[in-house]
Structures are given as structure tokens and as C-alpha cells.
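According to my numbering, the sequence shown is numbered sequentially starting from 5.
Careful: at least some of the hints might be erroneous.
[Stated by the list, open to error] Computed beta-carbon distance windows for the label pairs: (1) Glu109 <-> Ala178: 23 to 29 Å; (2) Arg129 <-> Ala168: 44 to 50 Å; (3) Gly236 <-> Glu165: 19 to 25 Å.
It is worth saying that the hints were derived from the structure and are not from the lab.
Ideal Cβ positions, reconstructed from N, Cα and C, are used throughout, including at glycine.
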Amino acid sequence: MRLAAAQVYPVKSLGGVSVEEAAVERWGLRHDRRWLVLDADGGYLTARRERRMLGVTAVPGAGSITLTGRDGSVHTVGEPVDGPPASAAISRLDRVRLAGDDAHEWLSTQLHQPVRLGWLDDPRRRSVSTSHGGRPGDPLNLSDAGPLLATTVPSLRRLDEWIAEEAAERGEAAPEPLPMARFRPSIVLDGAIEPFAEDGWQTVRVGEIHFRFAERCDRCQLTLIDPSTLIGGKEPIRTLARHRRFDGRTWFGVRLIPLNTGVIRVGDEASAGQV
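Could you build all of it, start to finish, from the sequences and the hints given here?
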């Protein structure tokens, strides 16, 4: 196998950026999911509730992120190291630090509702839940459950085949193949492996970085939204529910926990240990 792609999403549920190399930290890829959007009620907002979030892109910089809206406007926000604390409203974390009012106003305009932008100053203050494969001392960024999500190209190809086959059964034309971006993976692996071989992995190595399998990833309605058009549909959940439904949920990809730190690069050799 090899590392085919890597993606960083600085703000939870906003659009991210593809990178040629990424520093792996114990809590995930550097800059990944260190920010989140808080709604007017103090809860955190995700694209499951507000799909406009997928149309705003965040790109990390040196101590900052640059946000770009669908209207082309750009706003750069520095890490609020001395920002006022606010309740994070997210599991296993008591607070985040708030960015300035200018960031809140810009993002509120983009999302058509009052929001605030929060930053996680130290991911070591949050841990991976034991219910998601965590062990004592496993830190976590603002991801839902695990530091990294890994997907594979062969699995996506098989899913696209299933979708095309079912479309033919309904007398419909085959749709365009799904972009991997629907699944928002941290890393994408490709090579001479069977589709969904990742279900049986216990360890993964990319370059010199080693990971431990945490759990398979159950998929939610966020995958139904095209990140380019923001239009929703029935795929891939409809087809996953037919072919990949176990324990009452649908599955695609696996969550990984880093065992050491360092840099991974697109093209790096990769390997996995099976059950």
C-alpha cells in the first residue's frame, strides 16, 4: 500500500485542505480539528445541522487559520491563546477559547446565523473515549471519536460499483463516482488490497509512523451532502445500508490512534497487520 492522500480540517465541519505532507501528533494530524463553531445556544454546530458549513474552507497557517467563504471573501483568524473561555459543549472537554468578535461576525454572515468560533488550546485536555477504542493517555482533538480516520481507494471503488449496480436495477443511469471527500478522511490508502480489508486491521504503518486500530467508523447523514454543491441525496447511505449494515449502523473507514509522532508524506509506503 501507499499513502494516496492526506486531508486536514482545521475547523470541525468546515471544508478542509489536501496536503502533501502532514505532521502526526498523538491527538491527530497537526492543525486538524482544533477549532469548532458554537451556536447561539452555546452548543457546537456541525454540518449535519447547517450544511453551509461545508462551503466555508479553512486553511491552516503559522498560528492562524484563513477562512474562505463561498462568496470569495477571506478572513484570517489568529489562535486566541489569551481568548476568553467558553463552554465547549462537546464530550470530555470543559472549555475552548473564543476568537475575536470580528471572526464571529464574519462567520455568522457566512452561515446566516449568529455563531462564535472557538479554539482548543491543548488537545491533551481531551481523551479518546474507551467506548471508541481509547486507552488511558490517548489524547484527542475536536474529532467526534478518534484522532484519524483512514479510508481506502479499493473500498470506495467497490461502493461505487454497488451504487451503479443498484441504479441499473432501478432502471436509472449510473451516477458519477463518489468523491472520497464525502467521508472526510484524514488519510487515504491505496494498493493491492481487497475492498474493506481495513475492517480486519489491528495495526497500520505509514512511512515511519505506526497506528493502532481503534474501531470501524459508522457513517451519518453528513455523507449525503455533496461538499461542492451542498445538495443532499440518498447516497452513499442507501447503498451502505444494503451492503455494510451491521449492529444497526452503516460503516465505511476505520479510526486510528497514533503510537508515535513524525511526518507522513503522500506516496509513503504503508502496511497493515491483520487480526
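So, going through the hints one by one against the coordinates:
Look at Glu109 against Ala178: about 45 Å separates their beta carbons, and that is not inside 23 to 29 Å. At roughly 46 Å, the beta carbons of Arg129 and Ala168 sit within the given window of 44 to 50 Å. At about 23 Å, the CB distance of Gly236 to Glu165 agrees with the hint of 19 to 25 Å.
Hint violations for this structure: number 1 only, all remaining hints satisfied.
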